[in-house]
Structure formats: C-alpha cells, structure tokens
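J.: Below, each chain spelled out in residue letters.
Protein chains: 4
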Amino acid sequence: MCVEKYRLIRESTLKICIGLKIEDFTVQSASEVSPPKWHLAHTTWFFEEFILNKYSPGYEKFNDEYSLLFNSYYKSVGTHWKQEKRGLLSRPTVQEVLNYRNHVDAAMLALLETTMEPERIEFLLEIGLNHEQQHQELLLMDIKHILSSSPLSPVYSEKRLEAFSAGSLKWRHFKEGVHELGNSESEFAYDNERPCHKRYINSFAIRESYISNGEYLEFINSGGYHSFQYWLSDGWDWINEEKIQSPLYWRLIEGEWYEFTLHGLVLLDMYAPVSHISLYEAQAFANWSGQRLPTEFELELFLGDSKLPLWCWTSSHYSPYPSYESYMGGLGEYNSKFMCNQFVLRGGCFATPSEHYRNTYRNFYRAHQRWMFSGIRVAKDI
Amino acid sequence: MCVEKYRLIRESTLKICIGLKIEDFTVQSASEVSPPKWHLAHTTWFFEEFILNKYSPGYEKFNDEYSLLFNSYYKSVGTHWKQEKRGLLSRPTVQEVLNYRNHVDAAMLALLETTMEPERIEFLLEIGLNHEQQHQELLLMDIKHILSSSPLSPVYSEKRLEAFSAGSLKWRHFKEGVHELGNSESEFAYDNERPCHKRYINSFAIRESYISNGEYLEFINSGGYHSFQYWLSDGWDWINEEKIQSPLYWRLIEGEWYEFTLHGLVLLDMYAPVSHISLYEAQAFANWSGQRLPTEFELELFLGDSKLPLWCWTSSHYSPYPSYESYMGGLGEYNSKFMCNQFVLRGGCFATPSEHYRNTYRNFYRAHQRWMFSGIRVAKDI
Amino acid sequence: MCVEKYRLIRESTLKICIGLKIEDFTVQSASEVSPPKWHLAHTTWFFEEFILNKYSPGYEKFNDEYSLLFNSYYKSVGTHWKQEKRGLLSRPTVQEVLNYRNHVDAAMLALLETTMEPERIEFLLEIGLNHEQQHQELLLMDIKHILSSSPLSPVYSEKRLEAFSAGSLKWRHFKEGVHELGNSESEFAYDNERPCHKRYINSFAIRESYISNGEYLEFINSGGYHSFQYWLSDGWDWINEEKIQSPLYWRLIEGEWYEFTLHGLVLLDMYAPVSHISLYEAQAFANWSGQRLPTEFELELFLGDSKLPLWCWTSSHYSPYPSYESYMGGLGEYNSKFMCNQFVLRGGCFATPSEHYRNTYRNFYRAHQRWMFSGIRVAKDI
Amino acid sequence: MCVEKYRLIRESTLKICIGLKIEDFTVQSASEVSPPKWHLAHTTWFFEEFILNKYSPGYEKFNDEYSLLFNSYYKSVGTHWKQEKRGLLSRPTVQEVLNYRNHVDAAMLALLETTMEPERIEFLLEIGLNHEQQHQELLLMDIKHILSSSPLSPVYSEKRLEAFSAGSLKWRHFKEGVHELGNSESEFAYDNERPCHKRYINSFAIRESYISNGEYLEFINSGGYHSFQYWLSDGWDWINEEKIQSPLYWRLIEGEWYEFTLHGLVLLDMYAPVSHISLYEAQAFANWSGQRLPTEFELELFLGDSKLPLWCWTSSHYSPYPSYESYMGGLGEYNSKFMCNQFVLRGGCFATPSEHYRNTYRNFYRAHQRWMFSGIRVAKDI
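Line order of the protein sequences matches chains E, B, V and S.
If you want the numbering used here, it's the position in the first sequence, counting the first as 1, plus 13.
If you want the numbering used here, it's the position in the second sequence, counting the first as 1, plus 13.
If you want the numbering used here, it's the position in the third sequence, counting the first as 1, plus 13.
If you want the numbering used here, it's the position in the fourth sequence, counting the first as 1, plus 13.
Treat the hints with care, since some could be wrong.
A pair holds if it fits inside one copy or across any two, identical chains being indistinguishable in the list.
Below 20 Å or equal to it, Euclidean Cα-Cα: the simulated SDA-like pairs (lysine to any residue) are [as the list claims (entries may be wrong)]:
1. Lys256 to Ile266
2. Lys183 to Gly317
3. Lys188 to His210
4. Lys88 to Ile257
5. Lys88 to Lys256
6. Lys393 to Val191
The set of hints was computed from the structure by calculation and includes no laboratory data.
Go ahead and model the full structure; you've got the sequences and the hints to work with.
T.: Put into structure tokens, the structure is as follows:
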C-alpha cells in the first residue's frame with residue numbers, strides 16, 4: 014500500500030513542474046519564495062535525513078553537500094543554507110536534482126519493500142509524504158510568483174486553474190455554546206491540530222460566498238487604501254512603506270484592471286473571489302464593509318469536509334491549543350516554533366492535494382504575506 | 014470631585030520627574046522610548062485636543078505647532094511628528110512644556126468647575142486621566158531606559174523601588190469549565206477588556222512566585238541562549254541579530270552580575286524576580302524548565318484584586334474579545350488598531366498607579382520588547 | 014604667550030554656546046551631528062589624552078569613563094562611544110562638562126606655566142588648539158542643524174550672521190604652467206596640506222562671485238532635480254532615495270521660499286549665495302549652467318589670503334599630495350585615514366576662526382553632506 | 014572589414030559561455046553581478062537601440078519589452094529594469110536570448126553591408142563593439158562569482174586560466190618632470206582617456222612584480238585584518254561589517270588555504286599574484302609593507318603596450334582629465350556620471366580582449382569591490 018502511495022505522491026510533485034523551462038527552476042523571486050529545483054531537492058532530503066540515514070543500513074548519500082543545501086531550517090540536524098540565498102545556486106542542475114530524487118526514491122522503495130519493522134518508520138513516512146504534499150502547494154505558489162516577476166507574463170497552464178465563482182451571498186448561522194474543536198481522529202494530523210478540546214463559541218454567522226474582485230474593487234475605489242481607520246497600525250505602515258495599492262497580482266494597464274494568473278495575464282473577473290491578499294487587506298476590507306473576519310474556530314464549524322478553492326484568512330493569531338504537545342526530536346521544529354506573529358488560514362485551496370486536507374487543518378502566514386492562494390470570507394455576530 | 018482627581022493625577026505625573034536633570038527630559042534612547050518632556054506635553058495635548066478644543070468655547074491653544082509635535086499617532090486628528098524623531102526636539106524647552114501644562118490645566122479646571130453639562134465630557138475626562146496614568150508608568154520605564162544608556166549609570170531614586178522577593182514556590186490549582194472573563198463592571202474600563210464573555214478553560218496550575226534572577230541565571234548558564242530548541246523561530250533570529258545574551262539591564266562586570274536599576278547599578282539579587290525580559294526569553298525559559306507561560310485567561314482567574322510588582326507575560330496574542338466594540342471616532346484608535354503581532358501581559362506593576370489598575374486590565378507589547386517592567390510566572394496543565 | 018592663546022581659544026568655544034538652552038546641548042539631530050555638550054567635552058579630552066596624561070606627572074583624570082565617551086575615533090587610544098549614539102547621553106550634564114573643562118584647563122595652564130621643556134609639548138598644543146578651532150566651526154554647524162530640527166524654528170542669534178552678497182559676476186583668468194602648491198611655511202599646517210609640490214595646471218577662469226540663491230532657484234525651476242543628465246549617478250540615486258528637492262535649509266511655505274538660518278526662519282534672499290548644498294547639487298548646477306566646479310588647485314591659485322564667507326566645493330577627490338607623510342602615532346589618524354570617497358572644499362567660511370585659516374587649508378566632506386557652510390563657485394577652461 | 018570584425022567579436026562573447034549549464038545563465042549572485050543571459054541580451058540591445066532603431070529603416074524590434082529588460086542604466090533612452098532584480102527573470106529563456114542575438118546580428122550585418130553612409134554609424138559601431146568587449150570581461154567575472162556561490166565549487170574551465178607567476182622583485186625607477194598623459198591617438202579610445210594633457214610627476218619607483226599570495230598571507234598572519242592603523246576609515250568599517258578576513262575567493266579548509274578559480278577549488282599558489290582584492294585591502298597591504306599604491310599616472314608611465322594578467326589598483330580616485338569632454342547625447346552617460354567615489358585600475362587582465370586594451374585605458378571600481386580580476390603592485394617615492 015504505502016509503496017504505491019509513496020510513488021504516486023512523489024510523481025505528483027514532478028507533474029507540477031511539467032511545462033516549466035529549465036530557467037524557471039532556479040529563480041528565487043522573493044526571500045520567502047524557493048526555486049522549484051529547491052523544492053524537488055528539499056522534499057527528497059527530508060526522506061534521506063529522517064528515514065534513510067537512520068533506518069536504511071548501508072544507504073549511501075547521493076552527495077554530502079546536499080544536507081547543507083537542502084535542509085530548510087531544521088537546526089537540530091545541522092547547519093543550513095540561508096533561505097534568502099537559495100536563488101544563488103545554479104548548481105546542482107535540474108538534471109542532477111532529478112538524479113538525486115531517483116537515487117532516494119530507489120532507496121526508499123527498497124526500504125519500504127524489505128523493512129521488517131514497518132511500524133518504526135510509518136510515522137516518519139507519513140510525515141514525509143504530508144511534507145511533500147505541503148510543498149506541492151508551495152511549489153505552485155512559488156511558480157506563480159516567479160513567473161509573475163517577468164514583465165513577459167509567461168503562461169504556466171493552458172487551462173484556467175484559478176477560475177471559480179465567488180458563490181452565494183447568503184449567510185449561514187451558528188448558535189452559541191461549547192464545541193469540541195481540533196482533531197480527534199486516529200488518522201494522521203499535524204501536532205498543531207491537536208488535541209481536540211472544548212471552546213465556548215458565541216453565536217455568529219458567516220457569509221456563504223467569498224468576497225469577489227468586484228466587491229474588493231469597490232473598497233479600493235472608495236479610497237480604502239488611503240483611509241487609515243480601516244487598517245491595523247502595522248498594516249497601515251506596511252501599505253505605505255511598500256506602496257501597496259491593490260492585491261498582489263492585480264495590474265492596472267491603461268485604465269483597465271488585469272490579473273496575473275497561472276494562465277498569464279487576463280482581464281480581472283469581477284465575479285471571481287479576490288485572491289492573493291494579506292491579512293491586513295482582508296481585515297481592512299472587513300472593517301470597511303462593517304463586518305469582521307471569522308475566527309479559525311468559527312470557520313472550523315462552518316467548513317464541511319470539502320476543500321475550498323482558496324484559503325480563508327481568520328482573525329486568529331496562530332497559537333497552540335490547550336494542552337498542545339509538539340512532535341519530539343528534530344520534527345519538534347515542524348510547527349511549534351512558528352507560533353508567534355502569524356495568523357491562521359482555513360479551508361484549503363485548489364492547489365492543496367485532496368488527500369492532504371482535513372477540516373481541522375491550520376495553515377498560517379504572516380499578516381503581510383500574500384503569495385499564497387488566500388481569500389476573504391466575512392463573519393458577523395448575531 | 015473630578016476637579017480634585019484631575020489635579021491629583023496631573024500632579025503625580027510631575028512628581029515622577031523630580032530628581033531628573035534638564036538634560037534627561039530631552040533624550041530618546043530608543044525609537045520606542047519617548048523623552049520625559051514629550052510625555053508631559055503629550056498627555057496635556059490629549060486634554061486640549063479631545064476636550065478643550067471641542068467643549069471649551071473661546072479656548073486658545075497655547076501654541077499651534079504643538080498638535081503636530083505632541084499628537085502620538087491619532088491620525089484622525091491630524092498629522093504627527095514621527096515617533097522615532099522625538100529626541101530631535103530640543104525645543105520647546107522643559108520650562109515651556111511646564112507652561113503648556115499650566116495653561117491647559119487652568120483651562121481644564123475652569124471648564125470642570127463651570128460646565129453645565131458635565132456628563133458630555135465625563136467619558137473623555139475619564140479616558141484622559143486613564144491615559145495620563147498609563148503615561149506615568151511609561152514615563153518611569155522611559156526614564157530607566159534613558160538613564161541606563163549612559164555608562165555613568167545615574168541614580169534616579171535613593172530608594173530601591175524595584176526590590177521585591179520572588180515569592181513562594183507553591184502552585185495554585187484551577188478546575189476546568191466555562192468561566193466568565195473580561196470586564197462586566199459599570200466603572201471605567203478600556204474597550205479591549207470588554208465585553209464580559211464566556212470561555213472554556215482546561216484545568217491548570219500557576220506557580221505562586223515569579224521566576225527569580227537565580228533561576229533565570231541557571232537557564233543562561235546551562236546554555237539557554239545558545240540552544241535553539243527552546244526558542245520561537247522569530248526569537249532565535251532576534252537574539253542572534255541583536256546579540257542578546259541576558260535580560261535588558263543585566264551587566265557582567267569582571268565576572269560578577271550586576272543590574273541597572275532606578276537606584277543605579279547594583280549587584281544582581283538572586284532572590285528577586287527576573288525582570289525586563291522579552292516574551293521570547295520568557296517563553297524560552299518556560300520551555301527549558303519544562304513548563305509553559307499561562308494564557309491571559311488563566312492569569313485573570315489567578316489574579317485577585319491586588320496589583321503585582323511586575324507584569325507577567327502570557328502566551329496569548331493580543332486579540333479582540335468576542336463581540337468586541339472599539340471606541341467611536343478618534344479614540345477608536347486607542348486600542349483596536351494594535352491587535353496584531355503583540356502579546357498580552359497581565360497583573361500590573363509597582364509603577365502602575367493603583368487606581369488605574371483592574372484585574373481585567375490587558376497590557377500588550379511586541380514579543381521582543383523588554384523595557385517595560387515585565388517578569389515571568391509559569392503554568393502547567395494538570 | 015601660549016598660555017594666553019590657550020585661554021582665548023578655549024573661551025571662544027564657550028562663547029559660541031551663549032544663548033543655547035540646556036536642552037540644546039544634548040540633542041543629536043543626525044548621525045554626523047554631535048551634541049554641543051559633546052564638542053565641549055571632546056576638545057577637552059583631546060588635551061587630557063594627548064598632553065596631560067603623558068606630560069603632566071601626577072595629573073588625575075576628572076572621570077575615568079570620559080575617555081570612552083569623548084574619544085571621537087582615535088582607535089589607537091582606546092575604544093570609543095559610537096558616533097551615532099552621542100545623543101543618548103543625558104549624563105554627564107552640561108554643568109559636569111563645564112567642570113571637566115575647568116579641571117583640564119587648570120591642569121593645562123599649570124603645565125604650560127611650569128614645564129621645563131615646552132618644545133616637547135609645543136606641537137601637541139598646536140594641534141590641540143587647531144583641533145579646538147575646527148570644533149568651533151563644527152559646533153556652529155551642529156547648532157544650526159539641531160535648531161533646524163524643531164518646527165518651532167528657534168533663533169540662535171539676534172544678528173544675521175549669514176547675510177553676505179554673492180559678489181561680482183566677473184571672471185578671473187589664469188595662465189597654464191607648472192605651479193608650486195601646498196604649504197611650504199614653517200608655521201603650523203596640517204599634514205594633508207603638505208608637502209609643497211609642483212603641478213601642471215591648464216589655463217582656466219573662475220567666476221568672482223558665488224552662485225546666488227536666485228541662480229540656484231532657476232536651476233530648480235527649470236527642473237534641475239528631475240533631470241538625471243546633470244547628475245552624477247550616485248547623486249541621482251541620493252536625491253531620489255532621500256527625496257531631495259532643494260538645499261538643506263530651504264522651506265517652501267505657501268508658495269514662498271524661506272530659509273532656516275541662525276537667525277531663525279527668514280525669507281530667502283535671492284542675492285545671497287546659495288548655501289548648505291551637497292557636492293552632488295553643486296556639480297549638477299555647474300553642469301546645468303554649462304560650466305564646471307574648479308579643482309582644489311585652481312581654487313588655491315584663485316584664493317588670496319582672505320577667508321571666504323562660505324566653503325567652495327571643488328571637483329577634487331580628497332587624496333594625499335605627492336610624497337605625503339601623515340602624523341606619527343595616534344595623531345596619524347587625524348587626516349590620512351579619511352582620504353577616500355570625500356571631496357575637498359576650499360576657502361573657509363564665516364564660522365572658521367581667522368587665525369585657524371590658511372589658503373592651503375583643505376576641508377573635506379562626503380559628496381552628499383551639506384550641513385556645513387558650503388557654497389558654489391564655478392570655473393571654466395579658457 | 015567591419016563586417017568581419019563585428020562577426021568575430023559577437024562570436025567571442027558566445028564562446029565565453031561554452032561549458033555553462035542553462036541554469037548558470039539566469040543566476041545573479043550579487044547586486045553588481047549580472048546573469049550571463051543578461052549580458053548576451055544587453056550587448057545586443059545596445060546595437061538595436063543606438064544603431065538599428067535609428068539607422069536601419071524598417072527594422073522591427075524582436076520584442077518590445079526587451080528595451081525595458083536589457084537597458085542597463087541609460088536613462089535618456091527609457092526606463093530600465095532595476096539592476097539588482099536581473100536575477101528574477103527566468104524568462105526570456107537562454108534560447109530566446111540567442112534568437113534575439115541572431116535577429117539583431119542579421120539586421121546589423123545587412124545594415125553594414127548595404128549602408129550608403131558608413132561614416133554615420135562608424136562611431137556608434139566602434140562604441141558598440143568596445144562595449145561588447147567590455148562585457149566579455151564582465152561576463153567572465155560574473156561567471157566566476159556565480160559559480161563560486163555554490164558550495165559545490167563547479168569547474169568552468171579544464172585549463173588553469175588564472176595561473177601566472179607574480180614576477181621579478183626588482184624596482185623600476187622614473188625621474189620627475191612634466192609628462193604628457195592620456196590618449197592622443199586618432200584611433201578609438203573612450204572619452205575618459207582624453208584629452209592628452211600635461212602633468213608634473215615626482216620621481217618614483219614601481220616594483221616589477223605583483224604582490225604574491227604568499228606575501229599577502231604574511232600580511233594576514235601578522236594580524237593585518239585586525240590592525241586599524243593600516244586601513245582607511247571606510248575600509249575598516251567595511252571589513253568589520255562584512256566580516257572580511259581574506260581575499261574574496263580564498264577558503265580556509267581544515268587549516269589549509271584554497272582558492273576558488275575558474276578551474277574549481279585549488280590549493281592556494283603562494284607564488285601567484287594575490288587577486289580579487291578590494292582597494293581597501295590593497296591600500297592596507299601597501300601601508301603594512303611600508304610602501305604605497307602607485308597613482309594611475311605613475312602606472313601609465315610604467316606600463317608598456319603589453320597587457321597585464323591582472324588589473325592593478327591605483328591610489329587615484331576616478332576623476333575627469335583637465336578639459337575633459339564626455340560623449341554627446343545618450344552615450345554621454347557611458348563614463349562621466351561615474352566619476353565619483355571610485356578608484357582607477359590600470360593594466361588590463363587576462364580576461365580583457367587584447368584588441369580592446371590600450372595603455373591609457375582606465376578601469377574603475379568602488380573601493381570595496383573585488384569580484385574583478387584585481388591585484389596589487391606597490392610603488393615608492395625616490
């Protein structure tokens with residue numbers, strides 16, 4: 014079973030890169046963006062470091078330097094190449110990275126097929142595959158950002174991957190009371206989704222649809238980016254320092270609004286959800302509209318099992334749940350050390366692999382970040 | 014009644030400045046620190062801007078330029094001098110600022126004694142006096158920081174104002190359940206303490222005593238500042254970039270630890286609570302000790318009515334309460350726009366005026382800040 | 014003789030500070046500006062460090078910490094307080110600094126009156142007094158900058174110290190040939206003015222008058238600050254990053270040009286020389302006008318013995334003369350280590366003490382600096 | 014004639030890229046380094062912009078966006094892509110850039126073969142080809158820097174391109190007097206080499222050989238990087254901020270010194286000239302050794318017609334010659350606007366095309382830059 018799953022997930026990563034040019038694999042268009050080549054190597058390193066080096070006797074590393082280059086930030090397993098310098102690496106080449114993947118895949122498949130004690134590595138394998146799936150979404154986010162950095166507006170996909178309608182304007186209501194939140198399943202879930210715990214939630218309502226580009230444009234046209242009263246203090250400083258006037262991929266060309274998409278530059282669709290916005294912008298919009306962002310707990314109650322096309326910003330800072338326990342050892346760094354000055358997003362997006370998603374899933378980013386597939390849903394007290 | 018209260022509170026501010034040299038009033042030792050002169054003028058401006066200009070017909074401003082100089086950040090009432098440039102102002106002189114205070118006080122007292130509709134200004138007066146009291150604590154924090162910036166280690170107070178013992182090592186236990194938290198009183202409270210609302214709190218325990226300097230030194234001596242596993246990721250970056258190795262005012266002189274205090278440089282008292290630490294350090298210490306910081310709600314339950322000598326860091330990001338409503342108009346900026354990337358401290362400190370403090374009081378700072386009188390109390394799940 | 018000279022020069026420094034408020038003595042309005050208090054102490058430290066500590070047996074330092082605080086950058090004589098942090102020092106107070114001056118003056122006068130070997134300290138005394146005189150000019154530059162930082166535009170002097178006319182529009186011509194340049198006198202001169210050496214100078218002409226405010230305003234009004242072709246590449250970057258649109262102390266108030274002066278804010282005098290401009294602006298103006306800046310050697314030939322009211326920028330980078338030899342020991346740092354990325358100004362200014370000035374005098378600043386009393390004279394090939 | 018020359022020079026550029034991987038063409042390893050792809054396109058743009066657009070009627074641009082992307086800094090001919098963002102461009106691909114070269118070359122060759130008035134474009138062609146040759150050297154400098162940024166130390170060339178011996182230790186003497194310097198030939202030379210003019214030069218001597226790695230290592234081992242007295246003030250700040258301890262490409266690996274070269278990582282050759290050092294380091298070394306750097310004029314007298322293997326730093330700031338006149342129009346930006354805060358290097362290097370070099374050639378860089386092929390020759394007064 015897990016052999017097949019390993020194979021499929023690893024292949025999916027490569028499929029995302031179909032259509033890229035060799036040149037696209039190496040560019041780092043912002044310090045938080047990684048070159049596609051780096052994702053391919055880093056996810057591979059994860060299996061090598063946490064599984065093969067420990068559980069595959071006689072495994073020979075593909076290249077000793079790669080731990081330095083492709084460790085992301087796990088300080089307990091050695092020094093690492095600085096994140097903002099990933100774009101300096103023309104070598105190893107894409108071909109060498111693919112060879113690295115093949116080398117590790119061969120060893121992993123051999124290990125999975127022959128190991129006498131599968132349960133010892135099961136947890137690590139699960140983490141490794143979930144980690145790979147997380148990077149599949151990151152890969153698409155990063156590809157979009159990299160391609161957007163060229164004024165040539167290259168096309169990644171012939172299909173319009175990001176064309177959804179914002180949805181119905183109705184509101185769904187919820188009654189107040191104590192709820193059990195967080196993950197209680199025996200299946201895999203990240204440590205930050207656990208433990209399942211009780212919370213008292215006031216009654217509230219969430220609008221069924223995303224905020225659309227058209228609605229967001231109204232906010233802009235009514236002077237939203239120039240009216241400090243809607244903004245968090247940090248957000249106001251940010252839009253002024255960075256001269257932010259619209260969502261990340263919007264382009265005003267000769268009086269007409271366009272949007273850079275994975276399909277290249279297209280006219281802005283007023284009925285599609287606004288996307289690639291920061292928490293600051295989401296919150297300012299919500300203030301302007303007289304509503305508010307939902308908390309992550311309200312959204313957890315709102316969300317069914319189905320994945321959304323865009324992550325929804327919540328008003329919840331990313332914090333540990335009551336009685337939270339992080340992973341042990343090197344993997345303890347996976348989630349817990351980021352629980353500071355970030356906000357939670359909920360709901361998944363079209364780029365999130367379906368098998369990877371759960372409705373207790375907590376995604377998190379800094380309040381100014383917006384290269385992820387983020388959108389806005391509004392809530393209100395009732 | 015309120016005339017006397019106004020007089021007393023305004024006088025208390027000046028009393029804090031007794032013993033300062035003229036030169037001390039002008040220095041800004043960090044971008045977040047304000048010169049004492051600025052505090053004296055800004056609190057005065059607050060009454061002028063929000064009360065006299067609106068409710069005292071015929072009031073003449075002391076100096077038209079002062080709104081620019083002494084508005085802190087209320088963007089709805091005009092532009093303001095940049096916070097980090099407050100130390101550039103040698104003029105107005107201290108004497109001119111005192112004249113400004115007298116001018117405004119005379120007008121305020123006249124207004125308070127003659128107004129026919131006291132209820133219209135009652136709320137603004139309440140805010141203005143609470144604002145002044147907040148600045149009394151800030152004034153002392155800033156004086157300490159300014160004096161600490163000279164290698165001459167000047168003495169502010171002949172008395173040891175900051176000498177407390179850390180307290181008993183016992184733990185107090187709390188049972189789980191739904192609690193009403195936040196402020197439900199009819200008396201004055203800030204908008205951020207309201208509304209009173211229900212929360213489900215797991216059972217927990219909090220240690221009766223502060224973490225002492227001696228305990229904190231153990232953390233340092235065991236390599237705490239060099240062991241990334243105890244630190245939030247942002248905190249680790251911060252201590253490395255800023256080369257932080259100990260609490261803000263500790264000084265290692267020829268192998269002996271000293272502490273800069275309002276009484277000058279003194280030998281570090283191992284039994285006193287550690288103070289002037291950041292949230293990062295508080296959290297790293299808690300991790301190292303196998304415990305955790307309390308949430309702000311746990312501390313609210315723990316605190317009686319009495320004020321503490323040092324603010325306690327909590328693990329709670331500063332967020333609005335369910336159904337929070339901010340002040341209207343210009344004062345809406347007072348609290349709500351800061352609810353991002355800050356953490357809550359609870360309990361008050363020796364510098365907090367007693368009449369200003371309530372056990373629902375929420376103080377908040379950024380995770381790296383430490384010039385306030387902050388300390389550590391640890392909690393655990395039970 | 015030298016006792017009297019010492020007394021007079023030291024007194025002149027204090028006279029410059031008459032009219033300052035205590036608050037003015039402590040502010041540092043830019044990293045390159047020093048608080049007046051610091052100048053008073055630093056010039057005093059110079060005598061203590063280089064003369065009293067070595068040649069006055071039994072001399073007791075006024076305060077051991079002062080070397081740290083008031084050494085400017087002489088690395089060979091110990092560590093020093095960072096230049097950009099001079100404004101953090103509220104202590105020592107102005108009174109304590111005056112006491113320091115008195116302490117050192119008493120010891121210096123005793124030494125000068127009793128020393129059996131005056132020739133041993135003569136050179137150091139000469140340097141110390143020249144150093145003090147240099148700081149007299151710096152003091153006035155810094156006072157102007159500090160007072161300009163307050164929107165209250167305080168008045169330093171009842172007299173208009175900076176009111177000169179730009180002068181005659183005639184050109185003075187010079188023939189080409191080998192000239193002896195640099196200082197050949199036996200009297201005191203800085204090492205950077207020496208040795209006297211030969212240079213071949215092409216024929217040239219220099220305009221008798223300074224560029225006036227009126228002429229400079231024409232440059233501005235014709236779009237000078239928006240036309241890259243007049244600017245050095247670094248200068249263009251600088252005006253764009255710093256948003257420079259006019260000379261340092263010009264203020265456009267309701268359509269009218271004013272200038273901040275030591276006499277406060279006054280209407281811009283169109284016939285006075287433009288002042289407080291950078292090399293970048295001087296050079297851009299010269300390009301726009303179809304002329305060029307003179308070299309320092311052309312200006313040395315042009316200048317008689319009389320001092321000018323404003324320093325003239327030259328097109329000469331600050332470099333050593335052929336066969337240059339710097340001072341020995343700690344004083345070797347006085348000039349030579351700054352011979353990189355600075356430009357020479359020639360001619361003195363109204364704030365330069367007359368006895369301090371020589372026509373071989375080389376002043377030097379970075380191309381973007383403009384808080385010194387700098388002006389423009391243009392030259393051309395003939 | 015010029016058809017053949019055009020063809021040869023354009024081909025030489027491509028030859029330098031043989032052996033690069035596609036990935037190497039896109040990386041920008043420092044803000045001053047350009048991706049090889051950019052060089053290939055920029056030199057092509059130069060012909061398109063300055064010749065084809067004006068003198069080839071009916072010429073169709075390959076791609077309208079390319080002027081934006083591949084203009085370097087010529088502000089008079091339109092806006093340009095920021096230099097430090099050249100590494101963000103994965104597109105156009107290397108193949109597209111080669112197509113661009115072919116497109117322009119075809120048009121250029123057609124123009125050269127058919128133009129009725131060759132003299133009109135002769136000067137522009139000359140500049141364009143010299144510009145291309147300058148970029149050939151830059152290309153190699155940048156390739157070396159890019160490859161050095163990967164810890165894998167890739168090999169660019171099987172041959173040791175940079176292996177020279179430092180040469181004889183003898184000194185060559187020169188007598189004082191007036192010399193004619195600068196370029197007086199009718200052949201092509203840059204504006205900054207002109208006009209030929211007279212200078213008085215004191216007698217001096219220059220050592221025949223470069224400073225060797227072995228000599229430089231002595232400087233390091235004697236504490237050169239920790240002794241401020243050898244350094245310019247800016248240089249001292251630079252080595253401390255950037256933590257510079259050795260030449261750019263030196264690597265200390267387990268107690269042994271290596272050097273990254275175009276041939277990969279090799280043991281440091283103690284008899285080869287030290288290379289890739291800054292003016293700061295060159296000057297500090299010279300001070301330490303009791304000598305000095307030559308001026309650019311001394312080196313011009315010293316140099317015969319033959320090109321050196323490494324550029325020699327001079328003590329001369331980069332300034333215009335007497336009666337200097339820059340190119341007219343857009344090309345006026347070629348040299349003159351950089352005459353500020355740079356130093357001159359003389360003598361050429363192994364990467365400078367021979368036909369491009371003249372002994373009046375002035376190369377110039379900032380005092381801290383060191384990715385060019387720079388070395389040290391020392392001089393002294395006699």
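J.: Hints first: check each against the structure and report whether it holds.
T.: Do the hints match the structure? See the list:
In this assembly of identical chains, Lys256 and Ile266 lie within 20 Å of each other by CA distance solely inside one copy; the values are 17 Å within and 27 Å between copies. In this homomeric assembly, Lys183 and Gly317 come within 20 Å of each other (Cα to Cα) only inside a single copy, at 16 Å, whereas the closest approach across copies is 46 Å. Taking the closest pair of Cα atoms, Lys188 and His210 come within 20 Å of each other both inside a single copy (18 Å) and across two copies (15 Å). For the homomeric pair Lys88 and Ile257, the shortest alpha-carbon distance between copies (19 Å) is at most 20 Å, but the shortest distance inside one copy (34 Å) is not.
Within a single copy, Lys88 and Lys256 get their C-alpha atoms only as close as 35 Å, which misses the 20 Å cut-off; across copies the closest is 18 Å, which meets it. In this assembly of identical chains, Lys393 and Val191 lie within 20 Å of each other by CA distance solely inside one copy; the values are 18 Å within and 23 Å between copies.
This entry satisfies every hint, going by the numbered hints stated previously.
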